[in-house]
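What follows is the residue order along each chain.
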Amino acid sequence: MSFEKIRDPRRVRHWKGDMECDYIYTAGIAGEKFFTTIRDKAKLLATRCAKCKITYLPPRIYCERCQASLDNWIEVPKTGTIETFTTVHMDNNGAPLSKPITLAFIRIDETDGGLIHEIGGTKPEALKIGMRVEAVFQSKSKRTGALTDIKYFKPV
Amino acid sequence: MTVAIVGVGYTDVRSTTPDVSFKESMFEAAVKAYEDAGVNPRKDIGSFITAAEDYYEGYSIFDEFVPDQLGAVLRPVCTVGGDGLLGLITGAMQIETGVFDVVAVEAHSKASDILTLENIMTFAFDPVYNRAFDAHPFFVAGLEMRRFMHETKTSREQCAEVVVKNRRNAIDNPAAVYPAKITVDDVLNSEVIAEPLTRSDVSQMADGTYVIVLASEKKAKKLSDKPIWMKGLGWCSDTPWLESREWGSTVYTHLAKERAYKMAGITNPRKQIDFAEVDDWFSYKELQHIAALGLCEKRKAGKLLQKGSFNRDGQTPVNVSGGRFGVGNLLEASALQSVLECVLQLRSEAGKRQIKDATTAVAQSWRGVPTGTGCVAVLSNEL
Ligand SMILES: [Zn+2]
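First to last, the protein sequences are chains A and B. First residue of the first sequence? That's 8 in the numbering used here, and the numbers climb one at a time after it. First residue of the second sequence? That's 2 in the numbering used here, and the numbers climb one at a time after it.
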């Protein structure tokens, strides 16, 4: 009989396992149109349900309130209002960020939606709810058709 | 017909459980619940339900891993991809069909086995619009908290008081992992995750398992001398699009409550509800949920909490168990921890923390960021 103590309980009690989960996600009809328009024209598109008087940004091809199909595409401004914001000090693994990132929900003008995005061109201390901001796009050669084609929103 | 809770079984809540598998914890809770209800799972229970989320469990198709330890092999079994309260509501509906007269519902947390919880939470975000940033997934909580404080003029200190209250309440709960006497300053001075949210504004994970046995009205009267009646039930999902939500309030709780209160005949919650167990994943969330449940005037939750209205001896005690902050955050199972506290209180079995003469309670749940889904149940020891 051994009296040797097991100092690392994982050696007998646990098996480590990974879930390797790689996916591709389909942007869909609405997402594709939204992102190709950002990439090619640096413009924001929305869809509108006239019946519910709701303008969807991000755009959708259906109305979540009346279930109607939507094909009424409209161009909306690249400006909006900060509805709320936060400066985040940890990365998505829970480790400290060397450079904290400031994110906001920006209610885009003429829509009932908006975008969650980074705020740049100002200090976080200067931010206030209600502040007016506009999208700053990457230069055309750098745009790939993704949310990151908008570099950040900056105060106007 | 009103469905009743006739048995509860649960393990100790612990910060880690390296000695037992989740199956063994479920077995322990199930045996205790069946004993409490006086039922034989192989003969008396018609259907078994678990509430679980595959990614928290580390298994694909987790449903397949639950029958043996519950006494449910070769029997009707299903898993609900939601919190424990949704499991309980599903069980009540199965009984309402008349097909089953006894149903067992289970939920558990083995959070200590999850090595990458942040990654799982980030994976719950919309991949196209919300996963682009290298930011902790609690950024959504930071955004919600600031907007809530702005709209309701709630102070940072008032949010911190939730943590102080719930961890203090847990001192009288032998099942709690994180009882403590802490101060508002302790909360405010802890590490910032997503301003204004600090590490102490976030409940800490724990492991624990709950099994609850439900019975039809007729069967409950035979099985139990202290049945707890499920008088009102509601559940609701907000839009999954963060961009289309209201950031400062919890419409899902408001609508779930409307349904549950209507069913239970609650017209004046502040008078008719004796105590509440609400979701407190984050400090500000408890205040949002208290307001959405109609337990105070709109925008007043923070001020009233600071005054002591939701203390154990206050107007409407909230989270006397200690909630997620005091007992521990049990992921989808915290909802059943809330139900358990209601049952113990309504049976007058809550020991040192017993609320006197309570007849009606409300339990409310939320599934954490980035979800907009929650349930409400009105429970009573009077039919
Ligand atoms: Zn519509």
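None of these hints come from the bench; they were simulated from the model. None of the values given here were measured: they were computed from a predicted structure. Virtual Cβ for every residue (Gly too), placed ideally from N, Cα, C. Hints may be right or wrong, so weigh each one.
Said to hold, decoys possible - DSS-like cross-link-like pairs, simulated, lysine-lysine; straight-line CA separation at most 30 Å:
| id | chain 1 | residue 1 | chain 2 | residue 2 |
| --- | --- | --- | --- | --- |
| 1 | B | K308 | A | K60 |
| 2 | A | K130 | B | K299 |
| 3 | B | K308 | A | K23 |
| 4 | B | K154 | A | K135 |
| 5 | A | K130 | B | K154 |
| 6 | A | K135 | B | K24 |
Unchecked claim - Not everything, but these chain B residues come out facing chain A in the computed CB check (under 7 Å):
| id | residue |
| --- | --- |
| 7 | S16 |
| 8 | F63 |
| 9 | F140 |
| 10 | I194 |
| 11 | A195 |
| 12 | C237 |
| 13 | P241 |
| 14 | E247 |
| 15 | S250 |
| 16 | V252 |
Does the interface hint hold: is F140/B within less than 7 Å of chain A, judged Cβ to Cβ?
Holds, about 5 Å.
Can you confirm whether the C-alpha distance between K308/B and K23/A stays at or below 30 Å?
violated (48 Å)
Less than 7 Å between beta-carbons is the criterion; does S16/B satisfy it with respect to chain A?
Constraint on S16/B not satisfied, violated at 14 Å.
Status of the hint placing C237/B at chain A (closest C-beta pair under 7 Å):
Cβ of C237/B sits 14 Å from chain A, so the hint is violated.
Going straight from one Cα to the other, do K130/A and K154/B come out at no more than 30 Å?
holds (24 Å)
30 Å limit on alpha-carbon distance, applied to hinted pair K154/B and K135/A:
holds (15 Å)
Does the alpha-carbon distance linking K308/B and K60/A stay inside the 30 Å limit?
violated (42 Å)
Status of the hint placing A195/B at chain A (closest C-beta pair under 7 Å)
At about 5 Å, which falls below the 7 Å cut-off, the nearest Cβ of chain A leaves the hint on A195/B intact, so it holds.
Given hint V252/B near chain A, where the shortest CB pair must fall under 7 Å
At 13 Å from the nearest chain A Cβ, V252/B fails the 7 Å test, so the hint is violated.
With 7 Å as the cut and Cβ atoms as the points, is I194/B at the interface with chain A?
Hint holds; I194/B Cβ to chain A Cβ min 5 Å, cut 7 Å.
Is the Cα-Cα distance between K130/A and K299/B 30 Å or less?
violated (33 Å)
Let me know if the C-beta of E247/B comes in closer than 7 Å to any C-beta of chain A, holds or violated.
violated (10 Å)
Violated hints, in rising order: 1, 2, 3, 6, 7, 8, 12, 13, 14, 15 and 16; the structure is consistent with all others.
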